[in-house]
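Chains H and Z are the protein sequences, given in the same order. Residues 1 to 219, numbered by my numbering, are exactly what the first sequence covers, in order. Residues 1001 to 1153, numbered by my numbering, are exactly what the second sequence covers, in order.
Take these hints with a grain of salt, some might be off.
Counterexamples of contact, computed for chain H against chain Z with all Cβ distances above 12 angstroms [to be verified]: (1) Pro119; (2) Val173; (3) Thr198.
Here are the computed distance ranges between Cβ atoms for each label pair [what the hints assert, rightly or not]: (4) Pro1081/Z / Gln177/H: 42 to 48 angstroms; (5) Gln1095/Z / His122/H: 28 to 34 angstroms; (6) Asp1026/Z / Thr198/H: 38 to 44 angstroms.
In short, the hints are calculated from the structure, not lab data. Given the structure is predicted, the values throughout are model-derived calculations rather than measurements. The C-beta atom is built at its ideal place from N, Cα and C for all residues, glycine as well.
Here is what each chain is made of, one letter per residue.
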Amino acid sequence: MMTRSRLAFAIAAILGLAGAGLAYAHGDGDPSAAIDLVVNSPEGEVGEDEGLAAWENIYAVVSHPRCSNCHVDDSNTPMWSGPSYGEARPHGMNINAGASRIGAESLPCGTCHIQSTAPNDHPHAAPHAGLTWMLAPVEFAWFGKDSADVCRQIRDPERNGGRDGAGLVEHIVHDAQIKAFITWGFNPGGGREPAPGTMQAHLDDMVMWTAAGMPCPGE
Amino acid sequence: MKLTVNGETRTVDAEPDTPLLWALRDDLDLTGTKYGCGIAQCGACTVHLDGQAVRSCQATVALAEGREITTIEGLGGADAPHPVQAAWIEKQVAQCGYCQSGQMMQAAWLLEINPDPSDADIDRAMAGNLCRCGTYPLIREAVKLAAAKMRGA
Chain H
1 MMTRSRLAFA IAAILGLAGA GLAYAHGDGD PSAAIDLVVN SPEGEVGEDE GLAAWENIYA
61 VVSHPRCSNC HVDDSNTPMW SGPSYGEARP HGMNINAGAS RIGAESLPCG TCHIQSTAPN
121 DHPHAAPHAG LTWMLAPVEF AWFGKDSADV CRQIRDPERN GGRDGAGLVE HIVHDAQIKA
181 FITWGFNPGG GREPAPGTMQ AHLDDMVMWT AAGMPCPGE
Chain Z
1001 MKLTVNGETR TVDAEPDTPL LWALRDDLDL TGTKYGCGIA QCGACTVHLD GQAVRSCQAT
1061 VALAEGREIT TIEGLGGADA PHPVQAAWIE KQVAQCGYCQ SGQMMQAAWL LEINPDPSDA
1121 DIDRAMAGNL CRCGTYPLIR EAVKLAAAKM RGA
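Throw the hints in and build the complete structure from the sequences for me.
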């Protein structure tokens, strides 16, 4: 049985590895340096139809396996999917990220998924990104949910990390600066299918949707 | 580049993105850590970085710089084996032995965070460490024995 102090030790050890290994990835001319995105504010009001169209693009991204596989429920089991094994299935190796969502209770995600902004060049290797690898918080779980459900979830500050529209836009911009998980989803490497579109297009859609007042399908 | 390995400062001539495993084996001659798959699918190369088990084929020397690196050689030796190593010997876990240094490093991490693991705890923490000889039942027994030794039971 794991005690609270042991869990605290484990979490500290895991997070203690965060931040190292990045310095080399930000040198001059380094291909893995941060991505610069542009926030293209719309001119004039954005109508509901435009907002819903932008949402459908956003849903195509967030429901893609590169994103949704780690937005799972309190089973805390990440999902796997890829061209060689069809539909999503639970992560191999009996992986469970625990209530900590970083595997602190047993096998840390970071044991295999190191923190690095270097390209993911090798097929089948554990992917890495510029953040400690983890599941999204459980209140962000949307794996398998339909467009309307995920939409209502993402605009709800109780279930999106306390973000308003500007916060959702900033979330994408910040992710690109540190090459975290959204950025990885568009360029996962290793032969993995990327999320549809581009990071800039995803940001543009988020700007449009939030400017339209975050309309959701079926309302 | 300077690395702190098993309590000693060692110098390696390596690019920052060199896998730590390469530096350990080829530059520092610490060959107890094994190359298995090179893509974090087998666990044979497991070492500790600041106490946490990591796959050294994925960790770069840049990630390891400035941190305490512990390999199977540093976990314990013949004169003073770590309780995990002692339990492995007592249970005669190894068959071919190739994966076992990684298994022991992973087990040592598990016992740092969980002093009395159940079968399910062991399976969950150790399932990323593969053994082609199928020594899993003995690994489970040895982890429990090591846990008892560490608890002083």
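Status of the hints after comparison with the structure:
With a cut of 12 angstroms on Cβ distances, Pro119/H falls inside the contact zone with chain Z, its closest approach being about 10 angstroms. Non-interface call for Val173/H relative to chain Z: holds, since the shortest CB-CB distance, roughly 26 angstroms, exceeds 12 angstroms. Every beta carbon of chain Z lies more than 12 angstroms from that of Thr198/H, the smallest distance being close to 26 angstroms; the non-interface claim holds. Checked against the given bound of 42 to 48 angstroms, the beta carbons of Pro1081/Z and Gln177/H, roughly 47 angstroms apart, stay inside it.
The hinted range of 28 to 34 angstroms is satisfied by Gln1095/Z and His122/H, whose Cβ atoms lie roughly 29 angstroms apart. For Asp1026/Z and Thr198/H, the Cβ-Cβ distance of about 40 angstroms falls inside the hinted range of 38 to 44 angstroms, so the restraint holds.
Hint 1 alone, counting from the list given before, is not met by this structure.
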